[in-house]
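Asker: Here are the chains, one letter per residue:
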Amino acid sequence: MKNIKQFISDFGWPRIIILFFLVSLFVTAPFVGVRLDASISDVLARFGRNAIFVLALVPMVQSGCGLNFGLSIGILAGLLGAAVSLQFNVFGALGFGFGLAVAIPFAVLFGWLYGKLLNKVKGEEMTIAIYVGFASVMFMCIMWVILPFNNPNMVWAYAGTGLRTNLTVNEMDAAEFPHWRMILDDFLAIRMGPFFKFPTGILLFVAFCAFLVRLFMRTRTGTALTAVGSNPDYARASGVSVDRMRTVSVVVSTVLGAVGSLVYSQSYGFAQLYLGPLLMPFAAIAALLIGGASVKKASIVNVIVGAFLFQGLLTMTPSVINSIVKSDMSEVVRVIVSNGIILYALTRKTKVSK
Amino acid sequence: MSGTKSVGRFISDNAVSIIFLTIGLAAVPFCGISIPGIIQEMLTRLGRNAFLVVALLLPIYAGMGLNFGMVLGAMAGQVGLVFAVDWNIIGVPGLVFAALIGTPISIFLGWFCGVILNKAKGREMVTGYILAFFMNGIYQFFVLYVMGTIIPIRTANIVLSRGYGLRNTLDISGLKQTLDNLLLWNVGSGDWQFSLPIASYIVLAFLCLFVVWFKKTKLGQDMRAVGNDMTVANAAGIPVERTRIIAIIISTVLACYGQIIFIQNMGTLATYTMHDSTGFFAIAAILVGGASAKRASISNIFIGVLLLHFLFIVTPRAGQFITGNAGIGEYFRQFIGYGVIAFSLVLYAWREKNDTNRLRAGWRGGPDQAAANAVAQGGAK
Numbered sequence: 058m059k060n061i062k063q064f065i066s067d068f069g070w071p072r073i074i075i076l077f078f079l080v081s082l083f084v085t086a087p088f089v090g091v092r093l094d095a096s097i098s099d100v101l102a103r104f105g106r107n108a109i110f111v112l113a114l115v116p117m118v119q120s121g122c123g124l125n126f127g128l129s130i131g132i133l134a135g136l137l138g139a140a141v142s143l144q145f146n147v148f149g150a151l152g153f154g155f156g157l158a159v160a161i162p163f164a165v166l167f168g169w170l171y172g173k174l175l176n177k178v179k180g181e182e183m184t185i186a187i188y189v190g191f192a193s194v195m196f197m198c199i200m201w202v203i204l205p206f207n208n209p210n211m212v213w214a215y216a217g218t219g220l221r222t223n224l225t226v227n228e229m230d231a232a233e234f235p236h237w238r239m240i241l242d243d244f245l246a247i248r249m250g251p252f253f254k255f256p257t258g259i260l261l262f263v264a265f266c267a268f269l270v271r272l273f274m275r276t277r278t279g280t281a282l283t284a285v286g287s288n289p290d291y292a293r294a295s296g297v298s299v300d301r302m303r304t305v306s307v308v309v310s311t312v313l314g315a316v317g318s319l320v321y322s323q324s325y326g327f328a329q330l331y332l333g334p335l336l337m338p339f340a341a342i343a344a345l346l347i348g349g350a351s352v353k354k355a356s357i358v359n360v361i362v363g364a365f366l367f368q369g370l371l372t373m374t375p376s377v378i379n380s381i382v383k384s385d386m387s388e389v390v391r392v393i394v395s396n397g398i399i400l401y402a403l404t405r406k407t408k409v410s411k
Numbered sequence: 255m256s257g258t259k260s261v262g263r264f265i266s267d268n269a270v271s272i273i274f275l276t277i278g279l280a281a282v283p284f285c286g287i288s289i290p291g292i293i294q295e296m297l298t299r300l301g302r303n304a305f306l307v308v309a310l311l312l313p314i315y316a317g318m319g320l321n322f323g324m325v326l327g328a329m330a331g332q333v334g335l336v337f338a339v340d341w342n343i344i345g346v347p348g349l350v351f352a353a354l355i356g357t358p359i360s361i362f363l364g365w366f367c368g369v370i371l372n373k374a375k376g377r378e379m380v381t382g383y384i385l386a387f388f389m390n391g392i393y394q395f396f397v398l399y400v401m402g403t404i405i406p407i408r409t410a411n412i413v414l415s416r417g418y419g420l421r422n423t424l425d426i427s428g429l430k431q432t433l434d435n436l437l438l439w440n441v442g443s444g445d446w447q448f449s450l451p452i453a454s455y456i457v458l459a460f461l462c463l464f465v466v467w468f469k470k471t472k473l474g475q476d477m478r479a480v481g482n483d484m485t486v487a488n489a490a491g492i493p494v495e496r497t498r499i500i501a502i503i504i505s506t507v508l509a510c511y512g513q514i515i516f517i518q519n520m521g522t523l524a525t526y527t528m529h530d531s532t533g534f535f536a537i538a539a540i541l542v543g544g545a546s547a548k549r550a551s552i553s554n555i556f557i558g559v560l561l562l563h564f565l566f567i568v569t570p571r572a573g574q575f576i577t578g579n580a581g582i583g584e585y586f587r588q589f590i591g592y593g594v595i596a597f598s599l600v601l602y603a604w605r606e607k608n609d610t611n612r613l614r615a616g617w618r619g620g621p622d623q624a625a626a627n628a629v630a631q632g633g634a635k
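In the order they appear, the protein sequences are chains A and B. The opening residue of the first sequence carries number 58 in the working numbering; numbering runs sequentially from there. The opening residue of the second sequence carries number 255 in the working numbering; numbering runs sequentially from there.
It should be emphasised that the hints constitute simulated quantities derived from the structure, not laboratory data. Cβ coordinates follow ideal geometry from the N, Cα and C atoms, glycine included. Take the hints with a grain of salt, since some may be wrong.
As the list claims (entries may be wrong) - Here are some of the chain B residues that sit facing chain A, going by a computed Cβ distance under 8 Å:
#1 MET379
#2 THR381
#3 PHE395
Throw the hints in and build the complete structure from the sequences for me.
Answerer: Shown next, in the form of structure tokens:
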């Protein structure tokens, strides 16, 4: 009994409630006319699309920089890579690889600068990261308009300049590209019937990235990084450069953000430019926290569990709830749940390490 | 020697304001707006925005940083206005009615916000920010699904065609600029004629007097003490958590009134989005006016509102002119706003770190002992 209580208090009530809510959604789905196979397929695809963003948050949490509200900086580097790859019409896997090759150097550069900045503002990282992220997104909005892209598939037809903003119902600004759409999702994908697809490729890619991060966190650098996060004074006394380790964690996080951005784009079929990346960090943070991470500790398990629960919630809530109440409440539910969970994590007293 | 030192000191104390003033002045020749036009626009925006910025003061005194949760008050104000429109109360009585409806809601929301922030000491700003997002979800739920179903709405033309939930934009022509036009003075002549919304200015002046008076009361003094050091304040018998909650409640109520004044000047109520930018504008303004998350005064507010809106008026047009592209105006404006906030927060956090280091060096008997003493004395004041 004591063990169960202990387990519940460690796992946290919000997470248990969300888990039960999700399970009940899956159970009710067939009764309200929502196809279970299509839903599971959706959840898997969205999990793959978003997991790398969630993964990208781990190094900075571990090094004591807090939740990376400025993940959009990495996402922007990824979009820059995607845009360059599309500009030169590089098709297929080569196009995706070319996008990565362009994006990663930018991500390293942006991440390095961003890390230097965060080192100057220890203790206020999260508030400042929010605004640095927003300002970067707005800066890139200006850049998308004035950078000299001129591929006719990407720019406005009548002006000949300025990357396209394709306003849809969701107010997503997007430049469509068939060049390497679904390049990962369709790799070795297993299809069963018209509704179910198991996106093997993207899941393998996520697993590969998670494995790399796990490997990295076990290296000498990774251990030093965790030490800096748990006790900066002790780390400094043992000869670890605190600032350097923090910068490394920010660079790794930003590079992962860039990779995640390309993975997201290929799966979604659009590169969401302009205001697209503005709120993406918030969704990733909500997912990480649902997975059981705190502001100071996060693991790969938190990432996998969190991304799955959160994306499951986002996929199932609209389809099931909307079929029940016959009205589109999904957006409202999403806003309340995702921000509610971040709020919960921020207000919880951080426990002494256990 | 001391002259150059004090000039250097002045520049470093006001670095943010000076940098953005320079950017703004450099943009004036390119923006294509006449100087009287700029001044008139600034005078109007002073009446429109300053009240909201004053709402930020008390939480800063109480050491809770910039109150991102003020958006909650703005939502309460909007709910009040919706009822004023629904009951068709026009003119200044309509505004007062909206404020009366908004007050209890914002007191409740402020209390809620204060309780949450007390659980997140040391992380108030980011928590307040997320709280605003969270409450935005609740607000959307309220206006989209509760209004017109559980809460009856009598006026058909503010309800969505499906029968419940409010429209995107509400027509508030019965309330539009009623406070501004109550006492509108025209000053000057020719090109240099300006109309001044005196009634809004009077309300603002009373608010400033209130803040000045409040600082001298027992509660105001307690607030400063809590802001300086919570442990010491607690030892001195001040109820720390309660004082912090009161600071947030007053801030939220003021934000509610400020939003009502803001919307009556704008003339339309964008039901679902208007409050989004409230905190953003107010916080950018107070920071550009030279306040930090720990120190702010009434002069920061006036300098800030004038300077920020000066930037907002001239830089987007100048940006369009320089890049030759008409599409980037709005992005440019937002970039300036977010950039101002990020830049000033970075600068203040960085300076504070330097001060602490200098203080430590002084205590160790380093060359900066005099400076350390000065800082220590400043802290004791």
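Asker: Name the hints, by number, that the structure is in violation of.
Answerer: none
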